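Participant: Next come the chains, spelled out residue by residue.
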Amino acid sequence: MTDYWLSKLFFDLQSPANAAEYRGGRAKVLARYPELKPELRAAALADDVEVLAPHVNPYLLRYYFQVVGMPDKEFIGRLRALKPQSLKTEALKSGAAHG
Amino acid sequence: MAKLVGVFAASHGPLMARDWHILPSAPKERLDTAFRELGRRLADARPDVLILVSPDHWVNFFINNLPSVCIGVGETHDGPPEPFMKDFQRTLPGEPGLAMHIVKTALAQDFEPSISHRLTLDHGFCIPLLRMGLARLPRVIPMVVNDLEPPMPSIRRCLAWGRLLAQAVASYPGDLRVAIMATGGLSHSIGEPTMGDIDEPFDHGCIEAFRDGHDAKVIEILERGLAATGNGGHEVRNWVVAHGAAGSRGFELVDYLPVPEVYVGCAFAAWRVAESLQEAA
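In order, the protein sequences belong to chains A and B. Take the first sequence: its position 67, counting from 1, is numbered 66 in numbering that gives the first Met the number 0, and each next residue is one higher. Take the second sequence: its position 194, counting from 1, is numbered 193 in numbering that gives the first Met the number 0, and each next residue is one higher.
These are calculated hints, taken from the structure and not from any lab test. Heads up, a few of these hints could be off.
As the list claims (entries may be wrong) - To give an idea of the chain A side of the interface with chain B (calculated C-beta under 8 Å), a few residues:
no.: 1; residue: 0
no.: 2; residue: 1
no.: 3; residue: 79
Claimed, not checked - Listed next, the stretches of chain A that the computed footprint assigns to chain B, with coverage defined by at least 3 CB atoms under 8 Å from CB atoms of chain B:
no.: 4; stretch: 31-41
no.: 5; stretch: 55-63
As the list claims (entries may be wrong) - Straight-line alpha carbon distances no greater than 27 Å define the calculated DSSO-like cross-link-like pairs of lysine-lysine that follow:
no.: 6; chain 1: B; residue 1: 85; chain 2: A; residue 2: 72
no.: 7; chain 1: B; residue 1: 85; chain 2: B; residue 2: 27
no.: 8; chain 1: A; residue 1: 7; chain 2: B; residue 2: 27
no.: 9; chain 1: A; residue 1: 72; chain 2: A; residue 2: 82
no.: 10; chain 1: A; residue 1: 72; chain 2: A; residue 2: 7
no.: 11; chain 1: A; residue 1: 27; chain 2: A; residue 2: 82
no.: 12; chain 1: B; residue 1: 27; chain 2: A; residue 2: 72
no.: 13; chain 1: A; residue 1: 7; chain 2: A; residue 2: 27
no.: 14; chain 1: A; residue 1: 36; chain 2: A; residue 2: 7
This one's a predicted model, so the numbers in the text were calculated from it and none came from an experiment. Note that the Cβ used here is the ideal one computed from N, Cα and C, for glycine as well.
Please model the complete structure; the sequences and the hints are all you need to start from.
Facilitator: Here is the structure:
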């Protein structure tokens, strides 16, 4: 299920200035998102792909791990280890269209 | 009256810009040749205006405001914000007259697009423009199609949007030559367990359906295929808009090559454009 504040954090980190600040100290930036759920805050601090992936658009997930400096090879490896049913992308494959 | 003079499509993976300098020579040369061939054909069509159909990669829109379709009606649009596109031009001239005519034509036919008077055109819009090597960039009308976050417009609706674009161009009183460029696809997978995979059977199915030109086949292939392929495949919706605008007369594939280094099944095409609206109907 989409988490608004996690998505908002990842969206905001597309700004180079925000990204640089986040890389310099995640806690200070995360403090600006008081409504972010504690388990997702912890997952962001821990680079926990498995916990984060079900709650955010996959493109934003990729942006985030680029921002924190995870090489694509490692990111892809972590994605491949996930259980498909735990992913947000599965919702996309089932009933994505509207008129 | 305005005239539709060309309909094209090209893939647009960001690594085609960010990692261009480190791509292996063989795929890089083929990509370069394909982009430049599209650029040559586009230049030969001498468009005054280019309608660009692309997703927005979380640049203009977020989940607090996420249109299915947005038409850029502004006099000016901003260039790509991505650092790897910093050498591309910072602003692009728009075409408000035709853009607003498209919007009004759409509303008159019970379509409800969002509009923007100033869009930022990310790599999806601009990589084909960068790589085609155009000596002169036409004025642009961006059309954002939500290909990234469900729920997305149906394939049938994208086809209808293409028909509507052609109708709007044909009914515009200005003396303009208009081309359409759809960007994105074919198969790729971003931020999901299949990231990096290229679904060649899906790609070849799309190519065959667009080449044959039968709407029912395009719809069937995509409604079935998109449920199983990687999330980037949803950008083929933009190709469906182009297919509809061209009157479903089939296309010429300029090239197709799966390029693992950019994670994309890369395709480049030019449609045969219907001579009249009656032919397109």
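Participant: For residue 36/A and residue 7/A, compute the direct alpha-carbon distance and say whether it is at most 27 Å.
Facilitator: Holds, because 13 Å separates the two Cα atoms, which is no more than 27 Å.
Participant: Does the nearest C-beta of chain B fall within a distance shorter than 8 Å of the C-beta of residue 79/A?
Facilitator: 5 Å, holds
Participant: Is it true that the CA of residue 72/A sits at most 27 Å from the CA of residue 7/A?
Facilitator: Within the cut-off at roughly 25 Å; holds.
Participant: Is the Cα-Cα distance between residue 27/B and residue 72/A 27 Å or less?
Facilitator: It holds: about 21 Å lies between the C-alpha atoms, which stays within 27 Å.
Participant: Go through the hint on residue 0/A and say holds or violated, using the shortest Cβ distance to chain B against 8 Å.
Facilitator: 12 Å, violated
Participant: If you draw a straight line from the CA of residue 7/A to the CA of residue 27/B, is it 27 Å or shorter?
Facilitator: 36 Å, violated
Participant: If you count the residues of the stretch 55-63 of chain A with a beta-carbon closer than 8 Å to a beta-carbon of chain B, do you get 3 or more?
Facilitator: holds (count 7)
Participant: Confirm or reject the coverage of the stretch 31-41 of chain A by chain B under the rule of 3 or more residues with a beta carbon closer than 8 Å to the chain's beta carbons.
Facilitator: Coverage by chain B is violated for the stretch 31-41 of chain A (0 residues, Cβ < 8 Å).
Participant: Is the shortest C-beta separation between residue 1/A and chain B less than 8 Å?
Facilitator: 7 Å, holds
Participant: When you check the alpha-carbon spacing of residue 27/A and residue 82/A, does it fall within 27 Å?
Facilitator: 32 Å, violated
Participant: Quickly compare the C-alpha distance for residue 7/A and residue 27/A to 27 Å and report which way the hint goes.
Facilitator: 16 Å, holds
Participant: Sort out whether residue 72/A lies within 27 Å of residue 85/B, counting only the CA atoms.
Facilitator: OK: residue 85/B and residue 72/A at ~25 Å, within 27 Å.
Of the numbered hints listed earlier, those contradicted by the structure are 1, 4, 8, 11.
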